[in-house]
Amino acid sequence: MDPDLALLLNGIVSGLLLGGLYAAAAAGLSVSFGMLDIVNIAHPAFMVLGALVVALLWAATGLDPLLLSILLAPAFWAAGAGLYVVYHHFFERRGDEAIQGLAFFFGVMFIIEVGLVLAVGPEQHFADAAYASTTWRLGEIDLPLRMLVPAVVALAAIGGLALFLRRTFTGRAIAAVAQDREALRLLAIDPVRIKRLAFGISIAFAGLAGGALVVVQPVDAWSGHVFIGRVFAIVIMGGLSSLGGCVLAALAFGVLENVTASFFGPSWSPAVAFGCLLLVLAVRPQGLFGRVA
Amino acid sequence: MNDVVLHAQGVGKRFGGFTALSGIELEVRAGERLGLIGPNGSGKSTFTNCLAGAFAGHDGAFSFKGQPLHGLKPHERARRGLARTFQLPRPFKGLTVLENIRVPLAYAGREAASDEAAMACLEGVELAAKAHRMPKELTQVELRRLELARATALRPELLIVDEAMAGLSHAEVDQILALLFRLNASGTTIIMIEHVMRAVTEFSQRLAVLVAGRKVADGVPAEVLAMPEVEEAYLGR
Amino acid sequence: MSGAVLPSPAARAPRRLGHAGFWLASAAVAALLILALRGLGSEYAYFAATFVLQYVVLATAWNILGGYAGYVNFGAAAFFAAGAYATVAAGKAMGLGLLPCIGIAALVGGALGFGTGVLTLRLRGAYFAIATLCLSVVLQTIVVNWSYVGGSRGAYVIRPREVPFGFESYGGYLCAVVVVLAAASVALARQIETSKLGLGLAALRDDEAAAEASGVPTLRLKLVATSISGAMMAVAGAPLPFLGSYIEPNSAFGLSYAVNAIAMPLIGGTASWAGPVIGAVLLATLQQVATVTISSAANLMIVGVVLVVFVCAAPHGIIGLFRRRG
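Chains as they are written, first to last, in my numbering: chain A, 2 to 294; chain B, 10 to 246; chain C, 181 to 506.
With the rest of the complex left out, here is chain A (with noise of 0.2 Å):
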């Protein structure tokens, strides 16, 4: 086969694979960004957060990441939970959302950041899982199992929250939420509960994602960085609420960043994907996949 193409086609399929990776980190935004309409711009410093846990904990213990990452999942939880409580107290309730909400979510994500650098340090760090070094061959693609499970396992996770969302009763009440508040005190359900729930399942599963992120790379404490534009132009090109689009548009993101990589050199990826979003935002806000408000 051509190398080029060979090149190329292996792009592709780590790109999916990755992309699989971000869906998760996305899904835990489009919970709490597309149906709670909640900016919560320290979500991808949760992922982080989850990753560093996550690799200290593998060092001590030599337990597999992912499973580290499934048990910690309620913590994250609880702690999404907490935060949210602490949101609605001084600004939902107040309706003072607009500027000083995302300067709080700014301050959190600052503080877990600087707290994280002087926990750790500023060093890289990774979780080697027991399959790491194998890699399967289908002809000229390379599956690398260390990017494949990851991949996998976020990807069933999605689907469970899809589930959840849609044939459970509290998850219905999620979905509902989104729509309309007030509705749902009329059922007798309480709005700021159901939103605590959701809230606490979105940093669930960007601690999750972290998780599953150290196993493919390593990170430190500023890689949130390079996450935020990426986890918030992967909702919002897969339409807010939709998680199918948001798992499409991850999907895609991650071909199109690890192409571009493969081709022009890691240093110029980020900016392409980013210019993305800015194209997306320009052109069709309601993303590749949503409806227009």
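Some hints could be false.
Pairs of lysine to aspartate or glutamate residues, derived as DMTMM-like cross-links and limited to a Cα-Cα distance of at most 25 Å, are as follows [said to hold, decoys possible]:
| # | chain 1 | residue 1 | chain 2 | residue 2 |
| --- | --- | --- | --- | --- |
| 1 | C | Lys-376 | B | Glu-125 |
| 2 | B | Lys-102 | B | Glu-125 |
| 3 | B | Lys-139 | C | Glu-342 |
| 4 | C | Lys-376 | B | Glu-132 |
| 5 | B | Lys-82 | C | Glu-388 |
| 6 | B | Lys-145 | B | Glu-166 |
| 7 | B | Lys-139 | B | Asp-124 |
| 8 | B | Lys-82 | C | Asp-387 |
| 9 | B | Lys-145 | A | Glu-93 |
| 10 | B | Lys-102 | A | Glu-124 |
| 11 | B | Lys-139 | C | Asp-387 |
| 12 | C | Lys-376 | B | Glu-241 |
| 13 | C | Lys-272 | C | Glu-342 |
Footprint (simulated), chain A over chain C, 3 or more residues, beta carbon under 8 Å [claimed, not checked]:
| # | region |
| --- | --- |
| 14 | 303 to 309 |
| 15 | 317 to 331 |
| 16 | 440 to 452 |
| 17 | 474 to 485 |
The hints are simulated quantities; they were obtained by calculation from the structure and are not laboratory data.
Idealized CB from N, CA, C, for every residue including glycine.
Place chains B and C on chain A using the hints.
Using the frame of chain A, we list chains B and C on its own:
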């Protein structure tokens, strides 16, 4: 015979698969008092928003004072003399009552945006005493009056009053009606969108009825209200 | 949020200083400050004053869009660095001195602000905020890949040998320039705040749809505010290369500028021109002290914590604590 100040031709609006308005034909003459009624969800707010330019696009066309409104942004329509109030009053919460009036005066007024001119507007709605208070200190009916004052500061030729009577007491409704009659007497054409039947029947020279996005009646209030379709829309079968 | 304009009728409050009056007062304060610093004659005093005053410009600039119009810009670092790199590029290409570079920086920053605005200001404020987050990364990537301005290795800027206007040292001259910039930006902010533009911005900040219905051309005003804010933030960054003689992307695009540009106005109070000044002086001084005594990472943590605390407990900032309005 008065000129036609507003002409709606085939106005319609769809949201995804849902048709909120369809084929609305309406003519309003200068100085007229038109009432627009209909059950909830019949499209009255959608009509107002289309007219005010709040939507990016809609079917059909409006012509205002003989000129098409197509493509004009809300602030341009306001400057041309088309004013509206909002169903729930939307004052500028960070500005005083007086400053709230200075905004339309400064940006669309035909005269200088002096404090005297702003006070004059406030006197017209009897809010002059509260000129330096913040909107959160006003009562509901005072907020409605502020909303009206802000719209009239534009010296509009056409004013759309969107459900200004909701939740008001009998005396408060009379207050607002008196204001609107005064405004109309000075030459402003008024379209009143209302649920409070007493207000709209007292006020309107002509009544138009929207049901499920279509206009089903347009004429003298007494006749329109006696029509079976209108009764059915409001009372059901 | 407290209103952006003080109550005006003469009968109720003492007559406010008119526009010209305030510009004169600012000029007088600037002259006094320059003379005082010159009297001290210490290079460290010049450096410290320059450090604090560049933040006054940055915070004031941020507040024109953030406080007056209600649109949060997370990418202040991008505009700041754009100004710094405009100086580097212009200095290298045309051998220009500090003052013309400041002018060029203003143009670059204004264009950047306008461009970002055109792409996102028709959408909700949150989208503008997100776009500005990305802007830093995009610009930094461009600079890192642009060898003309030194790429990731950075660039050296040589201070001219002759010091203009008869100052004894270049540090003193630079400080004086920044004093003037700070005074001018504060005067400009106040002029905007009390003008028709400020009234329109306050209206659209409170309720954009109602502002439109009142005849305010919201998109146009937002673009004006973004352009002015962007230009001023770039002007704040323009002297940076001359300050340390060396500039590289990681510090120029550093988070410290982004977080401070937001924290200073929010802590001082976004309602008026005085807030960013108070916030900048307080926080910049605090950070200088903390960097010297503890460490620079801890000092950033302090800013983050103070920001969160203030935003929760004192949403109208320090000014809001003293001025209870209605």
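Quick rundown of the hints versus the structure:
{"no.": "1", "hint": "C/Lys-376 with B/Glu-125", "in the structure": "16 Å, holds"}
{"no.": "2", "hint": "B/Lys-102 with B/Glu-125", "in the structure": "22 Å, holds"}
{"no.": "3", "hint": "B/Lys-139 with C/Glu-342", "in the structure": "62 Å, violated"}
{"no.": "4", "hint": "C/Lys-376 with B/Glu-132", "in the structure": "23 Å, holds"}
{"no.": "5", "hint": "B/Lys-82 with C/Glu-388", "in the structure": "13 Å, holds"}
{"no.": "6", "hint": "B/Lys-145 with B/Glu-166", "in the structure": "30 Å, violated"}
{"no.": "7", "hint": "B/Lys-139 with B/Asp-124", "in the structure": "14 Å, holds"}
{"no.": "8", "hint": "B/Lys-82 with C/Asp-387", "in the structure": "16 Å, holds"}
{"no.": "9", "hint": "B/Lys-145 with A/Glu-93", "in the structure": "18 Å, holds"}
{"no.": "10", "hint": "B/Lys-102 with A/Glu-124", "in the structure": "48 Å, violated"}
{"no.": "11", "hint": "B/Lys-139 with C/Asp-387", "in the structure": "21 Å, holds"}
{"no.": "12", "hint": "C/Lys-376 with B/Glu-241", "in the structure": "51 Å, violated"}
{"no.": "13", "hint": "C/Lys-272 with C/Glu-342", "in the structure": "18 Å, holds"}
{"no.": "14", "hint": "303 to 309", "in the structure": "holds (count 5)"}
{"no.": "15", "hint": "317 to 331", "in the structure": "holds (count 6)"}
{"no.": "16", "hint": "440 to 452", "in the structure": "holds (count 4)"}
{"no.": "17", "hint": "474 to 485", "in the structure": "holds (count 7)"}
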